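Could you put the whole structure together from the sequences, leaning on the hints where they help?
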Amino acid sequence: MSCKNCQIKPVIKLTNSERSLCKNCFIKYFEKKVKKTISDYELVDKNDNIVVAVSGGKDSITTLYLLNKIFSKRRDIKIIALAIDEGIHGYRDESLKHLKKFCKKYKIKLNIYSYKKEFGKTLDTILKTYKKVPCSICGVFRRYLLNKKSRELGATKLATGHNLDDEAQSIIMNYFRNNIQVSARSGPITGIKRDKKFIKRIKPLYFITEKEVTAYSFLMGFMDKFNECPYNPDSYRGKVRDMINDFEAKYPGTKHGIITSFMELLPVLKDKYKDANEIKECLSCGEPCSQDKCQACYYLDSVVKIIK
Amino acid sequence: MKIYIEKTNESKNIKAKTVKELLEKLKINSTTVIVTRNNELITEEEKIKETDKIRILSVISGG
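Top line first, the protein sequences correspond to chains C and U.
Counting from 5, one number per residue, gives the positions in the first sequence under our numbering.
Counting from 40, one number per residue, gives the positions in the second sequence under our numbering.
I should point out that these hints are in silico values taken from the structure, not numbers from a laboratory.
None of the values given here were measured: they were computed from a predicted structure.
Here are the simulated DSS-like cross-link-like pairs (lysine-lysine), alpha carbons at most 27 Å apart as the crow flies: (1) C:Lys-104 with C:Lys-120; (2) C:Lys-17 with U:Lys-41; (3) C:Lys-17 with U:Lys-92; (4) C:Lys-32 with C:Lys-82; (5) C:Lys-111 with C:Lys-82; (6) C:Lys-32 with U:Lys-59; (7) C:Lys-108 with C:Lys-39; (8) U:Lys-46 with C:Lys-132; (9) U:Lys-46 with C:Lys-104; (10) U:Lys-64 with U:Lys-46; (11) U:Lys-66 with C:Lys-17; (12) C:Lys-254 with U:Lys-51; (13) C:Lys-17 with U:Lys-64; (14) U:Lys-59 with C:Lys-243; (15) C:Lys-27 with U:Lys-46; (16) U:Lys-64 with C:Lys-243; (17) C:Lys-297 with C:Lys-204; (18) C:Lys-50 with C:Lys-200.
Below you can see the structure in the form of structure tokens.
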């Protein structure tokens, strides 16, 4: 078997088309697909100041690299990196070390904010006492800081490294939990309503599988070790991820099927929920939210401040 | 052949003719990993030899 395009030994078989590609053809295919997503869904506008949320992992590093590669010659578009240090010993400290080297190499400005400094405690400290739903509390704090800090950095867009697997998991999770309204806000570019305090999120890797991102990242030499968050396996998302991966192995194309059918539904969902949920400001911190108090302030008051 | 599984930090000695057969023997879902031979990415259909050094890398990172 050889590469469909150039008869060289392939490095990957694409699950959605049964095509096998060699290193160079795969890299071209990957970059073309990201550019097509950016163009088809108008992820980037003139004069955009794009803050890229980076963890140091393969998805965010790939997103940062490609946005920088595609737009570095555009004088009107700025690309800067923003990282959140949750304080996960042996995981985040390692990935941030890698990220700092990467940003230095590509001359990208990197801003790092930590839970310890912003909320007073690391995630490790919080989770020693609060053992329920680690991904939920961490996700709330991370999203809170990403929006707040990117706004303070003057962002017009916040780019994240969410890939097709992440999005397929979110769609199924929202179905299972009857949270379809949350799905209505998702897609390659998020949000239904405009709000001056809420930075629009863009996901250039939306149509690329996690396996493809890993392969690209490996072939580009971005990293050779891929760590998994130590809190990840216990999560509800972890269970949904395993279920979808089992289906994908038995019925190839499952993940693409979830995303493709969801993209058909998305305009209907966005229209249905366009008037729902007024965006309020948290009475405690002033950040945008749907209730009187945002989830971050809820966790801060009910969990973080009572931990010694 | 020598197999290194990065996720569990394990080294194993297993006989298999192809990457696909190897992953089946290890009960690893092929959608969750990429496989390298002598630090080069290979597909599931690739034939492997006793002298090959195989690494199995998890694609799941999370956050």
